[in-house]
Every structure is written in structure tokens, then in C-alpha cells.
Amino acid sequence: MCNLKDAKRWIKLAEMQVKENNVEKARESYLEAASIYVLQLEFTKDNHLLKHANECYMKSKEVIGKKWEKVLTKQELAQRTLIELNEDKITIEDLRMEIENV
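Our numbering applies: residue 14 is where the sequence shown begins, and numbers increase by one.
Heads up, a few of these hints could be off.
Said to hold, decoys possible - With a Cα cut of at most 30 Å, we get these calculated DSSO-like pairs of lysine-lysine:
| # | residue 1 | residue 2 |
| --- | --- | --- |
| 1 | LYS87 | LYS18 |
| 2 | LYS18 | LYS79 |
| 3 | LYS87 | LYS74 |
| 4 | LYS83 | LYS64 |
| 5 | LYS32 | LYS21 |
It is worth saying that the hints were derived from the structure and are not from the lab. For clarity, every value in this text was computed on a predicted model and none was experimentally measured.
Based on the provided sequences and hints, a complete structural model is requested.
Right under this line is the structure:
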């Protein structure tokens, strides 16, 4: 299972990716860090982690040129990071549904 050190590694990776102008990868790395903070918050009940998760989510928006100021709940962050990390990925289920519709 991922821990807080993993979240910090994702943040460090995102910072390097920003320097390399690889903003989409940096965005994904910040989202990964945010999702780890949310997961750890769920296990530890340390509400301070929600602040870190929101900071990472905000940075994931900033690196692609979007302004984000809203503070999200744990549930909202969990949902948004899951959706945004998987929005460009096609699953086997997606392919099955496409085939069935043909």
C-alpha cells in the first residue's frame, strides 16, 4: 500500500516534470500524490492530510494553466482523482461495450 513517502515522491517527480515542461505527466503525478493523501486520510483519520491532498489537486490544475481555488472534501477528491487519472484510459469493459453496440 502507498504511504506518505510515496506521495512525496510523486510530488518530487511532478516538480521535475514541470521543469522538463512535461505538464501532462506532472498533472498525473500531482493527482497520484493527492489520491495517496486521501487514502492515508481514510486510514489514519488525520484531517491535516486533506490540506495536502487539496494542495496537490490545485497544483494538478495549475500546471495545465487552470486556476483552482475550491477546497474539496475527502469524497470529492477521491472521486475527482480517480476519474481524472483514468479519463484517457480505455478498459476491457469499454471495448466489450463497443463491440456489443456494433
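Here is how each hint holds up against the structure:
Between the alpha carbons of LYS87 and LYS18 the distance comes to roughly 20 Å, so the proposed pair stays at or under 30 Å and holds. For a cut-off of 30 Å, the pair hint linking LYS18 to LYS79 stands: about 27 Å separates their Cα positions. Under the criterion of a C-alpha separation no larger than 30 Å, the hint pairing LYS87 with LYS74 is consistent with the structure, at around 17 Å. Annotation: proposed proximity of LYS83 to LYS64 holds, straight-line Cα distance about 12 Å (limit 30 Å).
Taken as a hint, the LYS32 and LYS21 pair is honoured in the structure, with Cα atoms around 17 Å apart against an allowance of 30 Å.
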